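Just so you know, the protein sequences line up as chains A and B, in that order. Quick note on numbering that gives the first Met the number 0: the first sequence kicks off at 0 and runs consecutively. Quick note on numbering that gives the first Met the number 0: the second sequence kicks off at 0 and runs consecutively.
For the record, the hints were derived by calculation from the structure and aren't laboratory data. No experiment lies behind these values; they were computed from the predicted model shown. Fair warning: there could be bad hints in the mix.
What follows is a set of in silico ranges between Cβ atoms, one per label pair, in the way DEER data are often shown [to be verified]:
no. : chain 1 : residue 1 : chain 2 : residue 2 : range
1   : B       : H135      : A       : L161      : 40 to 46 Å
2   : B       : E6        : A       : V51       : 24 to 30 Å
3   : B       : D132      : A       : V40       : 54 to 60 Å
4   : B       : D202      : A       : V51       : 33 to 39 Å
5   : A       : R52       : B       : R139      : 35 to 41 Å
6   : B       : S142      : A       : F153      : 43 to 49 Å
7   : B       : A115      : A       : E77       : 36 to 42 Å
8   : B       : H135      : A       : P214      : 24 to 30 Å
Cβ atoms here follow ideal geometry from the backbone N, Cα and C, with glycine treated the same way.
Here is how the chains run, residue by residue.
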Amino acid sequence: MKPVPMESLSPGLGEARAGRGLLGYLACFNGIVWRETLRFVHQRERFLSALVRPLVWLFIFAAGFRQVLGVSIIAPYETYVLYEVFVTPGLIGMILLFNAMQSSLSMVYDRETGAMRTLLVSPFPRWFLLTSKLVGSGAVSLLQAYAFLLIAYFWEIEPPPLGYLTVLPALFLSSLMLGALALLISSLIRQLENFAGVMNFVIFPMFFASSALYPLWRIRESSPLLYEICRLNPFTYAVELIRFALYVQLDLTSLVVVLALTAAFLGAAIFAYNPSKGLLGRRGATGGVA
Amino acid sequence: MSPDAEEPLALSVAGVSHAFGERRALADVSLAVPAGSFTVLLGLNGAGKSTLFALITRLYDNVSGEIRVCGHDVRRAPSAALRQIGVVFQSRALDADLSLLQNLAYHAALHGFGHAAAKARAMALLATVGLGDKAHDKVRALSGGQARRVEIARALLHGPRCLLLDEATVGLDIGAREGVIALVRDLVARRRLGVLWATHLIDEIAPSDRVVVLHKGRVLFAGGHGELLAATNAKTVRDAFSALTAAADASVAGAAA
Numbered sequence: 000m001k002p003v004p005m006e007s008l009s010p011g012l013g014e015a016r017a018g019r020g021l022l023g024y025l026a027c028f029n030g031i032v033w034r035e036t037l038r039f040v041h042q043r044e045r046f047l048s049a050l051v052r053p054l055v056w057l058f059i060f061a062a063g064f065r066q067v068l069g070v071s072i073i074a075p076y077e078t079y080v081l082y083e084v085f086v087t088p089g090l091i092g093m094i095l096l097f098n099a100m101q102s103s104l105s106m107v108y109d110r111e112t113g114a115m116r117t118l119l120v121s122p123f124p125r126w127f128l129l130t131s132k133l134v135g136s137g138a139v140s141l142l143q144a145y146a147f148l149l150i151a152y153f154w155e156i157e158p159p160p161l162g163y164l165t166v167l168p169a170l171f172l173s174s175l176m177l178g179a180l181a182l183l184i185s186s187l188i189r190q191l192e193n194f195a196g197v198m199n200f201v202i203f204p205m206f207f208a209s210s211a212l213y214p215l216w217r218i219r220e221s222s223p224l225l226y227e228i229c230r231l232n233p234f235t236y237a238v239e240l241i242r243f244a245l246y247v248q249l250d251l252t253s254l255v256v257v258l259a260l261t262a263a264f265l266g267a268a269i270f271a272y273n274p275s276k277g278l279l280g281r282r283g284a285t286g287g288v289a
Numbered sequence: 000m001s002p003d004a005e006e007p008l009a010l011s012v013a014g015v016s017h018a019f020g021e022r023r024a025l026a027d028v029s030l031a032v033p034a035g036s037f038t039v040l041l042g043l044n045g046a047g048k049s050t051l052f053a054l055i056t057r058l059y060d061n062v063s064g065e066i067r068v069c070g071h072d073v074r075r076a077p078s079a080a081l082r083q084i085g086v087v088f089q090s091r092a093l094d095a096d097l098s099l100l101q102n103l104a105y106h107a108a109l110h111g112f113g114h115a116a117a118k119a120r121a122m123a124l125l126a127t128v129g130l131g132d133k134a135h136d137k138v139r140a141l142s143g144g145q146a147r148r149v150e151i152a153r154a155l156l157h158g159p160r161c162l163l164l165d166e167a168t169v170g171l172d173i174g175a176r177e178g179v180i181a182l183v184r185d186l187v188a189r190r191r192l193g194v195l196w197a198t199h200l201i202d203e204i205a206p207s208d209r210v211v212v213l214h215k216g217r218v219l220f221a222g223g224h225g226e227l228l229a230a231t232n233a234k235t236v237r238d239a240f241s242a243l244t245a246a247a248d249a250s251v252a253g254a255a256a
């Protein structure tokens, strides 16, 4: 094999015709989203497990509880609905939540193996890199959520056709909020081993103490304290935003809360990953023993 | 190759200190890497080499002192500085599930290259490091030495003037080690790259190299290979290193007593 002269790569010393303006940002954004999607495609088991989890809930849990948990007519539903129908937005939320936390897990792993450093030594601003990664992760969540909706359709979960379109921004916003929270959590976790705690202290409480499985009015009847906890849970607002959007309605409160929390979580995560202000440099969290 | 007097230093570090909480990792570190030089950062594990690399690449912020890459201050102009740095970190940072070409294309995107330009540069660089025929293979199929060569290709993808390699030969067999070192020395000669080569392996140092001895966060010596031997009145770099570190440890012990 004949080596290619280094000089042929660029006309002068160190000159690289990389885009530095808007085109450069666009190329960087595309690259990050492309990599997230590619990684997802290569990890078929991850795709399957992300689908199997909510489907088990839908096919077994929801079917079993159909007779026990009747749901009265509450917005956005105009008639009595089966429990499977009620629980579907919550299960979509579950997909987004688990995907966000899995993304957070991969960031901790990337930080330990050094892959995160490849991202962070890019000349583009760190807020832009992290936001792009968040969007890439969100895009993967959308694929999973729509795959679930497609399967659910054959289980007689049939929202209005327009709902499949109107739910898209709700899914995207919710995945951004949960992804930003996961990003913040990843900056606080020093070692991969600590991630098991995230399952116990973040994912499960967020999922169960929300409106994903039960209507809030039912929770209030049984426990006013739990009701207040559910109202403070960001995941509740993501689920309600998705629930209303799936039926071509807008829950303004949920939209405002999701938007505000996305900004707050993302801001905090960018602060934590900022080399001059954040936590990484104080703790020596980027690996290497020399 | 002697550096041009008018050419800015590929890297200059002046008075840099860093601590993790109460633990001091670097104390008043200063060093220079001229363009077209192979500078060895020699130190034992825990000497502070990786911390210094993290500061140069702005993974951490240098709160005291100054770091410049090709004249660009990494704090005031991080983007300009990072464009001139290519880095191979100690731990492998390739995505094993992606092909060599995909890994390099991703890195090119992180530097703002569009798809076509990224692919062309990646293919050319893979050919340069002798892996052009494996461009579409998954990284997990590579040997350790081949993976290191891919990382060097990746570090060069955006055309940097300063190349940082942190323990780049750790875990490689003798043949692969020699291949990686020869490749980097060739780059220094042909492209006038300024290379900072962090290692704890003394046999990787050549007589033409500049040497910086880092020990427990302090620079004990910075200069040419011959100057190191002359300053310590030693016959080998190993003896010189031992003499310097022993004297430093004795000095610290004396001060503590």
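Do the hints match the structure? See the list:
1. Separation of H135(B) from L161(A) is about 43 Å and conforms to the stated range, judged on CB atoms against 40 to 46 Å.
2. Between E6(B) and V51(A) the beta carbons are some 60 Å apart, a value that contradicts the proposed interval 24 to 30 Å.
3. Judged by the Cβ atoms, the range 54 to 60 Å given for D132(B) and V40(A) is violated: they are separated by roughly 25 Å.
4. At roughly 53 Å, the beta carbons of D202(B) and V51(A) sit outside the given window of 33 to 39 Å.
5. Our hint of 35 to 41 Å for R52(A) and R139(B) is violated, since their Cβ atoms are close to 27 Å apart.
6. Separation of S142(B) from F153(A) is about 48 Å and conforms to the stated range, judged on CB atoms against 43 to 49 Å.
7. Separation of A115(B) from E77(A) is about 52 Å and departs from the stated range, judged on CB atoms against 36 to 42 Å.
8. For the pair H135(B) and P214(A), the supplied restraint of 24 to 30 Å is violated, since their beta-carbon distance comes to about 53 Å.
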